[in-house]
Amino acid sequence: MDPDASGGWRFAQCFGDKGEVEDITEGEPSPLDPAPVPAMRAASPSVPHLGTIRLYGQYLATGDKGGRVVLFERNDMKKSCEYKFYTEFQSHEPEFDYLKSLEIEEKINKIRWCRRQNSAHFLLSTNDKTIKLWKVFEKSLRVVSESNMSDGQRALPPPALKQHLRLPRMQHQDNIIAAVPRKVYSNAHAYHIHSIAVNSDQETYISADDLRVNLWNLNISDQSFNIVDIKPANMEELTEVITAAEFHPTQCNVFMYSSSKSNIKLADMRDSALCDKHAKLFEEEEDPTNRSFFSEIISSISDVKFSHDGRYILARDYLSLKIWDVNMESRPVKTIQIHDHLRGKLCDLYENDCIFDKFECTWSGDDKNVLTGSYHNYLRIFDSETLNDIVLQADKSAFKAKKMGGPLPGNKQLGAKNGIKPGLKDAMQLETLDFNKKILHTSWHPRENTIAIAATNNLFLYSAA
Amino acid sequence: MDPALGVEEVAPIALLMDELRSEDVQLRLNAIHRVSTIALALGPDRAREELIPFLQDSVDDEDEVLLALADELGKNFEEYIGGNDHAHVLLGPLENLSAVEETLVRDKAAESITKIAAVLSPQQIEQYYIPLLNRLSHGEWFTSRTSSAALYAPVYAKVSPAVQDELRKGFAALGADDTPMVRRAAAKWLGAFAKNLSKQHVLSDGLTIYRRLQSDDQDSVRLLTVEDLVAIAQQLSPAEVKEQLLKQIRQSVTDKSWRVRYMAANNFNALSEAVGVELVREELVNHYVQLLKDNEAEVRTAAAGQIPGFSKLLEPEVVIARIVPYVRELCQDSSQHVRAALANQITGLAPLLGHAPTIEHLLQLFLHLLKDEFPEVRLNIISKLEQVNEVIGIQLLADNLLPAIVELAEDKSWRVRQAIIEYIPLLATQLGRVFFDEQLANLCMSWLGDTVYSIREAATINLKKLTEVFSVEWARTQIVPKVVNMGSHPNYLYRMTTVQAIGTIAPSLDIDIIRNEIIDALLHLATDPIPNIRFNVAKSLEIVATTYGKTPEGKELAQSKIVPALEELKADQDADVRYFATIASQRTLATIEG
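One line per chain: the protein sequences are A and B, in this order. Our numbering applies: residue 1 is where the first sequence begins, and numbers increase by one. Our numbering applies: residue 1 is where the second sequence begins, and numbers increase by one.
FYI, nobody ran anything at the bench for these hints, they're computed from the structure. Hints may be right or wrong, so weigh each one.
What the hints assert, rightly or not - With a Cα cut of at most 30 Å, we get these calculated DSBU-like pairs of lysine-lysine:
{"hint": "1", "chain 1": "A", "residue 1": "Lys-135", "chain 2": "B", "residue 2": "Lys-188"}
{"hint": "2", "chain 1": "B", "residue 1": "Lys-169", "chain 2": "B", "residue 2": "Lys-199"}
{"hint": "3", "chain 1": "A", "residue 1": "Lys-277", "chain 2": "B", "residue 2": "Lys-169"}
Here the structure is a predicted model, which is why all the values come from computation and not from measurement.
The following block holds chain A by itself, in its conformation from the complex (with noise of 0.2 Å):
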């Protein structure tokens, strides 16, 4: 039995605007101290809401509406989880397509990093048309303190005689972490790129909009291949787009896809150079009681991730996760309701735009657990296997427990029944729910108990022990 129904989950981290709520961090006594977070600081009311975030390890990106990448690293001079501010920039600028009269906005889609190949870091990060691969370094600024022509503060006359020559000496200045953008590739796609995701062989990787999935080497920043294509010869004949994409973890000739028709297709790129074929197709019938207006709208795949074994993968449309065994195509070997008291307010959140919300899942590291969002702030970490689930919300009440010392908000009112199910999980059905805050995009640490999720305008870290 766990007594404690956050599973031991804690708020470990926010950053970003908190608006009343005085800053806390672990380790941090005052609370009053300054934002720990120079970057979110400068930019605070305007924050906007996240676009993305990647939780890598010791580091953490996050992509804004802004077209801004900030990167967090992890503070190893703390025992507890905390990430300090380590860099920031500006990856995408807005911009204007003349030739279609359409305005490209700079918001990142996504960001991926690459595997590390030296001391810098690599990563993808895409808006809607234009993928980046950018290198960040720590870089020592260096200015020349003595030459042939100069002494460092006045100008000399160039040296008379060759014994006199001498190499410029350099006086170290300063370290700075510097961003430098190493490729761009672009001019790809028609449609918004929604997904781009690194092959195993850290050589290619794949980008993705509505209709097509292009595949590109790194290193190639002026062509790519387009492997799947279900544009169809005539746009009236539209049924389905392409909603996400991945590439399988370890095999890499393995990728799938996912439709707004509810299904996810496993290519293999071995068979042909146009992956047009799917091998795999994991598509479950819906059942013909509930069908209603909404049906579609809800079944379409917002996100697909493979388990880092490459064995399961779990999707996650508009109210349930599923989980697939690759091997089994017929049916999901578990479907998971996440806010199935919402089904009542198909229309409202029709009305409100809400329904075509997308929601990201992740995998813990070791496949043991998965996690999704919610609205008002909630999101929900499974069992993969036992399904048991806690619920957290990621709000200010977050904050407010830490500093009164006491469990998770929620805890308390355990339905006390099992011990397992918390009082979030009643107050998620009952509550009034704030439809603008949502936690579309969650990110998990590949080999620890951490999670990073992105509530509009803030960033939250929870760790587990």
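Position chain B against the provided structure of chain A, taking the given hints into account.
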């Protein structure tokens, strides 16, 4: 070195040295490109003791600067630092360059290290090079490990057997590295490394490394092993290949990944030559046929490219029985790229099969490809007809192929017509003059009256090339009268073609033809009612005058006819005509007077 270098020589070098650390990338790049000048000015001792450590400290620069540095250090730079005895000093900066993340820089650094390895003494190698190789091979980041793979082969032959043992172990470790990039590098360089191994070690070590890589999980590693397979097979006798490599050969050509099969198809000839005729006949033919009918178009394209080369290794009967049926299928392939590759190679079969079989089996295919809907396919076949000509003779070729060519020449798509026109000079050389006059001459002239400007333009260029092929005399009787005749056509576009054709072909003719047959027609057009024609006349006159104005007859012609005509055009009522006439007149005068 002149010790008394004056101020005026020292100052620019001082500036150049300062530019090594300039803020401006372009200046740094420039300075790096001239780093040998700096080294020369400093003298060998200072270059070695100051410049090289300085450069070694420069690796956090822009990639293009690093690339230039890696390149410069490989250009016999040891001459500037005291000769081969000190060449190992250069390894320092190059080692650092081998670890940067830009592949181009690393490759260039490895290339330069390889060059330096060639001048190092065995002692230097053991003392400096081998430790460097060990450091790179065990580098923390994969970048240095990938670079190291290229550096085993250059020194292997120069070191003692004990060190050779270590090198083989080191290379094997790279082949089993955790990172796919390193294994890819190992796969890429295994062939070169294996070439240095003794046969015994190829069998013991080389094959082990190869087999490990050939069964790698990563497609991108496996596809690189095809070239290793060729290199290793070359080291072995056919019997050994059969015993040791047959399984791997089968695996590579039937790999599940089309990219690996593509590499196998692309290297099929090299592989076949390496394994020997016997194995080709009993084993590889079957695999090759499989590749020809692979379900991936890229693979079929690559396989089609190897047809004549592979068929050379077979008996003609076998080619007819085994290969030709699939060639026939490829002619109908759904992918234009496959057909284009086939069209490029299929004629190579004609000399292998000989006269009668070519007519029997191939001629129909040529005709089929000539009528292909994609221009590239047709062009590829036309450009290789010469080979067929040699086998079946011009008459037969002409009888069968010319109708197809003529048909294309009148194709309704002007781009197809244009493509054919561009191949006419080539056909002309292949077919010969008599034949050409009979069959194609009229066609060439008819293009001059084409409704599309680009075709008319291409037609005039074609005439010029034909003149070069068939001699000026031919042009005088075949081309000139027809061109001149068009000058009196009622439609001004035809007259324009005449003017432009004269401008184009004039330089390929001679002064007699110009004087006797062309100039009057041209001058007549100088009074044409259309201004466009008049100023084009001015341009053509300029060409005639500047081409021939240096010869006495040309000078005479220019003075008596061209200059007065241009003078008249200079007073034309149309501004454009006056403008071009003025320019033409100036250049004409400059030519005949200069």
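Okay, the hints, checked on the actual structure:
| no. | hint | in the structure |
| --- | --- | --- |
| 1 | Lys-135(A) with Lys-188(B) | holds (26 Å) |
| 2 | Lys-169(B) with Lys-199(B) | holds (16 Å) |
| 3 | Lys-277(A) with Lys-169(B) | violated (44 Å) |
Violated hints amount to a single one, hint 3; each of the other numbered hints is respected by the structure.
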